[in-house]
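Residue numbers (the UniProt record's numbering), protein chains in the order written: chain G, 1 to 238; chain E, 1 to 251.
Don't read these hints as lab results, they were simulated from the structure.
A couple of the hints might just be wrong.
[To be verified] Listed next, with one range per pair, are the computed distances between beta-carbon atoms:
id, chain 1, residue 1, chain 2, residue 2, range
1, E, Y180, G, A28, 56 to 62 Å
2, E, G213, G, G14, 50 to 56 Å
3, E, E112, G, I233, 36 to 42 Å
[Unchecked claim] Here are the simulated lysine-lysine pairs, BS3-like style, with alpha carbons at most 25 Å apart:
id, chain 1, residue 1, chain 2, residue 2
4, G, K8, E, K125
5, E, K129, G, K8
6, E, K76, E, K65
7, E, K65, E, K208
8, G, K8, E, K130
9, G, K8, E, K76
10, E, K65, E, K77
11, G, K8, E, K124
12, E, K208, E, K246
Virtual Cβ for every residue (Gly too), placed ideally from N, Cα, C.
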Amino acid sequence: MSLVCEYKKCRRSGLFPVFLAGGLLAAAVPAMNMFFRSELYLHRPQTPLTILLEANWQMMGMLNLFLVLAGASVLYHMEFADRAFLRMETLPQSMFGMFIRKYLVLVSVILMAFALEAASLAGVSICWFGMTEGMWNELGRQMGCLLVKMLPALALMLAVSSASENLWITLGVGVTGIFAALILSGAGRQNHILQLFPFLLPLETAWTDGRLLLAAGAETAAILAAGQGYLCIRRRFR
Amino acid sequence: MNMIETDHLTKRYGDFTAVSELNLHIPQGTVYGFLGPNGAGKSTAMKMFLGLTRPTEGGFYIDGKIFPQDRMEILKKTGSFIEAPAFYGNLTGEENLDIVRRLLGLPRESVEEALEMVGLAEYKKRLAKKYSLGMKQRLGLASALIGRPPILILDEPTNGLDPVGIHEIRTMIRELPSRYNCTVLVSSHLLSEIELMADLVGILNRGKLLFEGTLTDLRDRARFEGLPTDNLEETFLALIQEDNLKRGMRQ
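The whole structure should be built from the sequences, with the hints applied where relevant.
Okay, here's the thing in structure tokens:
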């Protein structure tokens, strides 16, 4: 019931159209790349999906991160803009529960974008490379890993958004994080600690080590717990 | 039986004491007018009742329950309107109330009922951000009244309303205890408004409760202390001034 409320709150907020448009834009990246530069990729020895992800995922991943930034900002801006947050705090519900429900909404919309991107990758792979054995399993595995690696960034941006009534702070933190990830991407390949930077993790397709995925899951849980801690502290010291 | 009772309730922000040793007694089924000048501590006290701010010392009971242990129980029974209307601008009036309805587990009909009570039924399909100030105020009140909660905490509910609107809301608040066995705590800095609504008044100045009782009791006390009794506004102002002078002398 309460999750339905969170979806209803998003009406006319632009959240769903933005993720749909962003997903389509990210989905267009491999198609455009192959359309204009297929000769660079057609004769490589790796599997088609590996070739496509290595060539396109950094751009697609960055677009996804911008979508996450926009989504997290919108989800809490609608609460703070006309003081709806104050009304929510006087209703019989847990504010941490509301935070988790918003997180689930954000996961569902990024899943929508991921579905569009996965469809595009499958389409491009079949169109240019032909149907290969194990393509669907590989696609599912790769996209699943990339989704798990995206979860810490979703949690972090939502936590920052819930803590800041000023939309620009959330946007600033997000943009800084995304550009920091681009700068650190080279160093991250050698440094296991840097690999866990929430904005860097979703950009690297080669990192599919099970331990890294577990670490991403733990990182997500830690950030969500920090979000709860912040909500308790804010209530205590207000 | 007191529906709301406070026990030396205090709120300090650093060196500033917003509410000091407040002992309120609000009987069930009454309209309790919380009076005081701007900055007296009325809104702060109300925020403490709703868990929006934590008391520094002391405590309070709402229907025999304590914050924060019984927070959910208290909030299920309490409708509130604090300081200014709070709503989702991207949703219509009806949609805003539907969110509140779902979170309170109320039937669908309660939305229409709340809109009718505050005179917003005609504008329910308009986006809340397109509402006038008075309409936003009414939406906030509808959100507090939805489901006819047994306890209502209203902070300056008639701010921004036109005279007709003020009369309507005041009449509605006045009838709530008899119609729905509701207990209402309503604050205002306007004595004339409280005089027409309240069974009991509590007068707050600089965080301290100067008086609690009926308006008749207030007049009697004023007569006893040699304060003006011709009109309640003068009595109120004299009481506040006397308190300010006492504080000035102590300082």
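List of violated hint numbers, smallest to largest: none
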